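Asker: Below are the chains, spelled out letter by letter.
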Amino acid sequence: MNHAPVRTLAALTLAALLAACGSTVKLDETPVETRTPVPVANVGKTPSPPGGGAAAPVAQSQVATVNVGQGAAGAAAAAAAATAAGRVVYFDFDSFVVRDDARPVIEAHAKALVANKAHKLTIEGHTDERGGREYNLALGQKRAESVAKALTLLGATDAQLEPVSFGKERPAVQGSDEAAWARNRRAELKDKQ
Amino acid sequence: MWSRRRFAAACGSALALPASAQFRLEISGVGATQIPVAIAPLRGDGAGGVALAPIVRADLERSGAFRTLAPAQQLDERAALPQQELRAAGADALLAGSTTRLADGSFDIRYKLWDVVRAQEHFARATTVLAGDLRLAAHRIADEIFEKLTGDKGVFATRIAYVTKAGRQFSLQVTGADGEGGHVALTSNEPIISPAWSPNGRELAYVSFETQKAVIWVQDVLSGKRAPIANFRGSNSAPAWAPNGRELAVTLSREGPAQLHLINRDGIGTPRRLTASSSIDTEPAFSPDGRTVYFVSDRGGGPQIYRVPAAGGNVERVTFSGSYNISPAISPDGTTLAYVARSGNSFRVTTLDLASGAVQTLSDTNDDESPSFAPNGRLLLYASRAQGRDVLMTTTLDGKIRTRLVTSGVDMREPAWGPFVR
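Chain order of the listed sequences is B and Y. Residue numbering for the first sequence follows this note's numbering, beginning at 1 and increasing consecutively. Residue numbering for the second sequence follows this note's numbering, beginning at 1001 and increasing consecutively.
So that you can see chain B by itself, here it is in the shape it has in the complex:
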């Protein structure tokens, strides 16, 4: 972690020098290059610097269009209400059923999605820490799909929603008791840029 790039380069340089000298030294050790992730959209282009966000640059002269005739004020109010209602839906152990106590959250977000068809949500499913990573990823996906279905039943469209999962990889709280597990079995509704 703290040594690989420089050391690999040094090893390669040494190897190249030795090869150039006609040495009989075996060169079959395979170095492994260290890479920092490049956002999918940027693959093939120049990698962005570490820590640099993937956000597209915004022109300073850009002006957002507000169309009063289409009821934008109502949409903004619905979006504000959705945020106020909360963005997290909790689940029971080993379950992907949307509980009744999640209804205010679902209804508020459905209203905002119906009011503004340009509004999009990513629904992130999460699980508690018990069990395998891949199975939990699939379970979290099922939770996200359940929330998406509840939203479409109230008028949102599939095109407005992307259900994804983080499985047990991104817990909301640390801990290995039922209180922590209950906080981690959740779906988070996030505005999509």
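Incorrect hints may appear among the rest.
[As the list claims (entries may be wrong)] Beta-carbon label-pair distances, calculated as ranges:
no.	chain 1	residue 1	chain 2	residue 2	range
1	B	A80	Y	L1222	51 to 59 Å
2	B	A80	Y	V1410	51 to 59 Å
3	Y	R1272	B	A180	39 to 47 Å
4	Y	P1288	B	A180	51 to 59 Å
5	B	S176	Y	R1087	47 to 55 Å
6	Y	Q1360	B	S176	25 to 33 Å
7	B	G175	Y	F1123	51 to 59 Å
Everything labelled a hint here was simulated from the structure, so no lab data went into it. Quantities reported herein were computed from a predicted structural model and do not represent experimental measurements. From the three backbone atoms N, C-alpha and C, an ideal C-beta is built for every residue, glycine too.
Dock chain Y against the given chain B, drawing on the hints supplied.
Answerer: Structure of chain Y alone, referenced to chain B:
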């Protein structure tokens, strides 16, 4: 009852090494037949910062097939065999040799394996390696001893991949089979899971969350060149290479619930759906002949392991005992299924003999994950937890000899044992 002895081996010199080669060995049960081998201190060993003899000794011990003895006297490859002393100590074989630093900085390594019982040479070898390959050279010596004395190919010179988590930083590591001599293949502030080696050992497929969702990438290990091969709506995960290396079985949720698909290794073309259920189908694993795909499904209620022909067809249930069985891996000879079974609150590495149906629990830890077979089929590598840390363990297939790979205080998880390649 179980007898257990703990043995800690530390190798390396006082020189700073990238990672100290430490492991802890637990032997449980009695009656394990182990070949006693004496590993003498090599003349000049450790001059390059890496001592070979302790690595050879650790490799052989971890395999479960050997008990090693350390003669006090230094014996190089030219020494006469002290047969009487070694017989008295119970040794069947002796490794003796030397390492010498050459003018160009590389090392000349000479070694000899003696048959102590017959007072004959098994073999004698000489090789020259770069200082950076001393660790690999030690693993190769261990492989030669293993193959000579057991008849099976050794796996000590193979590589493993795993993920470490240190603070918020996730790293995909590629190391020797002992978890040492590591290189970082990828670092990210978002989770990395499910690394899988291509059959030729040159590429790794894995799942990275760097774009705020699960996407499958394939990375060339040597060059670091990488590209996403499955980035569909929803989650893309659980890559498993077909033995022919041309396609992968993956889990996609582009049509709703997680389902198995086959995709080309370059990601070009439309994924071909392999399962069609309204349940979770995930964690595909090919049989070594490439004809069958084992996977996990909760179509019967809880997660169980099933199999389906790779060409498509009828799905058949494979595991029946217990209510939660996940993470299938098939032995290289195709006869044994390893998986993680839940019993109460314990998740343990378990094997199923596919012919007889015999089930065996191999561990006594509670949080096992991701079993992966050594390419010779004699060991399983898996993730577990100990003292509040994610750790990597190996076990023999009878569960009698387990070792823990240890590095400096980071969480280690998601192990994948690479193929025979070098």
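Asker: When the structure is checked against the list of hints, which entries are broken? Sort them ascending.
Answerer: Of the numbered hints, 2 and 4 do not hold.
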